[in-house]
Amino acid sequence: MRPSAVRLLNILVPIKRTVDYAVKIRVNPDQKGIDLNVKHSMNPFDEIAVEEAVRLREKLKDEVKSIKVVTIGPPKAAETLRTALAMGADSAIHIEVPDSAPAPEPLGVAKALRAVIQREKEGVDLVILGKQAIDDDAGQTGQMLAGLLDWAQATFASKVVVDPKKKEAEVTREIDGGLEELRSRLPLVITTDLRLNEPRYASLPNIMKAKKKPIQKLTPADLEVDLTPILETIKVAEPPKRVGGGKVGSVDELIAKLKEAGITPVKS
Amino acid sequence: MLRLRRVVAVSPLYRGYATATGPHALVLLEHRAGVIDSGSLSALSAAQQLGGQVTGLVLGAPEEVKDVVQSAKRLKGLTSVLHSSSQLYTHIIPEVVSPLLEKLLSDNTLYTHVVSAHSSSAKSILPRVAARLDLPAVSDITSLEHDNASNTTTFTRPIYAGNAIATVRAPGSTRVKFFTVRSTAFKASVVDESVQAEEKAVDPVPVADPPTQHVRTDLTKSDRPDLGSASRVVSGGRALKNAETFKGTLEPLADVLGAAIGASRAAVDAGYADNSLQVGQTGKVVAPELYLAIGISGAIQHLAGMKDSKLIAAINKDPEAPIFQVADVGLVADLYEAVPELVEKLKQQA
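In the order they appear, the protein sequences are chains S and F.
My numbering numbers the first residue of the first sequence as 1 and each following residue consecutively.
My numbering numbers the first residue of the second sequence as 1001 and each following residue consecutively.
Simulated from the structure, these hints should not be mistaken for lab results.
Be careful, since some hints might not be right.
For each label pair, taking beta carbons as the anchor points, the in silico distance ranges come out as [said to hold, decoys possible]:
id : chain 1 : residue 1 : chain 2 : residue 2 : range
1  : F       : E1337     : S       : K24       : 30 to 38 Å
2  : S       : E120      : F       : T1090     : 31 to 39 Å
3  : F       : T1090     : S       : R119      : 34 to 42 Å
With a straight-line Cα cutoff of 27 Å, these simulated DSS-like cross-link-like pairs (lysine-lysine) come out [unchecked claim]:
id : chain 1 : residue 1 : chain 2 : residue 2
4  : F       : K1317     : S       : K259
5  : S       : K267      : F       : K1345
6  : F       : K1200     : S       : K267
7  : F       : K1310     : S       : K259
8  : F       : K1347     : S       : K259
9  : F       : K1310     : S       : K257
10 : S       : K76       : S       : K212
11 : F       : K1187     : S       : K259
Here are some chain S residues the structure puts well away from chain F; computed CB gaps all over 12 Å [as the list claims (entries may be wrong)]:
id : residue
12 : R55
13 : R57
14 : K65
15 : S66
16 : P74
17 : E79
18 : P98
19 : A202
20 : L204
21 : P205
22 : M208
23 : P214
24 : T219
25 : P220
We put the CB at the ideal spot given by N, CA and C, even for glycine.
Isolated chain S (complex conformation) (with noise of 0.2 Å):
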């Protein structure tokens, strides 16, 4: 009979459905917004968050109890719940708006996400998130999630070992003049940086047992949260363009297009 003293890991995985990281985004002539009739895909940091945790279970086996995968989105943001769970993510839960609806800013999905957690009845142990979504490059979500629960945060990570036994986890992450580790207790709000892994592509079995996988379907009312963003956005623009100059024939043609522009070499 195994002790029953190790507490297993609940991972609860947000992601985000994006435009894809190589569309080439047009600013729609209203200056309202952006041309979002392009390819979507999972934000990829949420990507490098659903492989850690599924790397995770690889590793700690019996110790991770469930993945579960949530996003906040209209009805097209299910695919993106199906990839992840080809991936390796047991359940999702898909939070519908309208896609008509204001994007939703981190503070409201921070709150929201409280809210999935609190109503977890199993608890969780460690959210994994990217530290950014790549169309609002905010970087906050993952933050405001941990000072809402008033929980331990490991941000940028680059490297993440859990220890279910201590109830702790030792992080990486990637600060501004190199690296630093820090020791959190769980739970822990854990956001992703680009080095921590690189995400596998589900295979097609993965793909097909994952159409059987449960999605719960909630509205924000369901959780209470009202997710009308505070911040208006009132105009989006092209930033300033910039228009390649022309080639030179050789590196003295460089240099003397160097000097032109005040650019001389410092004195050893």
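Got chain S; can you put chain F on it based on the hints?
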């Protein structure tokens, strides 16, 4: 003995609106080894543009804070310096500093705005504090405008890796407006010998049994100018084969130009350079006088980190490389021939 107190009923809506005194910004002044981060100096400039008072906040271990406060007092634009020292603040851990910030920003606070650089440390702290106060935050702003009459602050900020600029407005009802500042968009505030801001010590708010402990910090040591604030950057991409070649090829060039060294994501992923050198949407955003891209193709995400540079020059073997679309001067050449030649000729001119 009961003292009669006249209670003035203040409607919650009223508290959000401007008083005759205008905004009062609290600016996080980050520091290392006694020196204030240049990003914080840019945040200070941004705070000044709000048009009101500006208080700097210095947190740290007692030995550090003393010297930093003395430098801070002479900064142009600062009206006062608030500081709090504790061994607990030796390494800035968001869970540990948040309680102090929440206390400073509680309901009757005199601060209207909280400002910091968009540094890895500050952007880990500000959103946490904002959320605990039930307030939103604006990240990585490139400009701001404050209207005192309505108490609204309007910001611009890059979205979609800088391929669009959003104008975002924080309404008057937002009682404290949090924002982080893109340092390349605001000129760093300078020391003004005639300035002597007043200073005030604030008791640290102890956190019994913090859930997170600092284990270690490994900073890349370099004699070079700091990438984030250098006026010249020489940056390398995946074409540089390996770490040795990366260093061997770029260092002489960076030396003769007095430049910092940067790297593309591909180069960092492949292990040629440290992650702290990555320039891009999710790495460092730089805007130097000169950005010299060597063997970098110019992916959208890389451009996001350097397209505000004054002069962009590129050397690449591929004439179709996207970098040439933004470079002011481009040279199609084998970098292993062009760079040594460039270094030689520049040295002769020095």
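Does the claim that P205/S lies outside the interface with chain F hold up, using a Cβ gap greater than 12 Å?
holds, 29 Å
Grab the minimum beta-carbon distance between E79/S and chain F and tell me whether it stays above 12 Å.
holds, 21 Å
Would you mind confirming whether the straight-line C-alpha gap from K1310/F to K257/S stays at or under 27 Å?
Cα-Cα ~13 Å, so holds.
Could you let me know if the closest chain F CB is still more than 12 Å away from the CB of S66/S?
holds, 22 Å
Between K1347/F and K259/S, is the straight-line Cα distance small enough, at 27 Å or below?
It holds: about 14 Å lies between the C-alpha atoms, which stays within 27 Å.
Next pair to validate is K1310/F with K259/S; report whether the Cα-Cα distance is within 27 Å.
Holds: K1310/F and K259/S sit about 14 Å apart, inside 27 Å.
Please check whether the beta-carbon of R55/S is more than 12 Å away from every beta-carbon in chain F.
Holds, since 18 Å exceeds 12 Å.
Status of the stated non-contact between T219/S and chain F (beta carbon gap over 12 Å)
holds, 22 Å
Minimum C-beta separation from P214/S to chain F exceeding 12 Å: can you confirm that?
With a cut-off of 12 Å, P214/S remains clear of chain F, as the shortest Cβ separation is near 30 Å.
Could you check that no beta carbon of chain F comes within 12 Å of the beta carbon of M208/S?
holds, 32 Å
Does the alpha-carbon distance linking K1317/F and K259/S stay inside the 27 Å limit?
Within the cut-off at roughly 23 Å; holds.
Would you mind confirming whether the straight-line C-alpha gap from K76/S to K212/S stays at or under 27 Å?
Satisfied, since the Cα-Cα distance of roughly 17 Å is no more than 27 Å.
The structure shown violates just one earlier hint, number 6.
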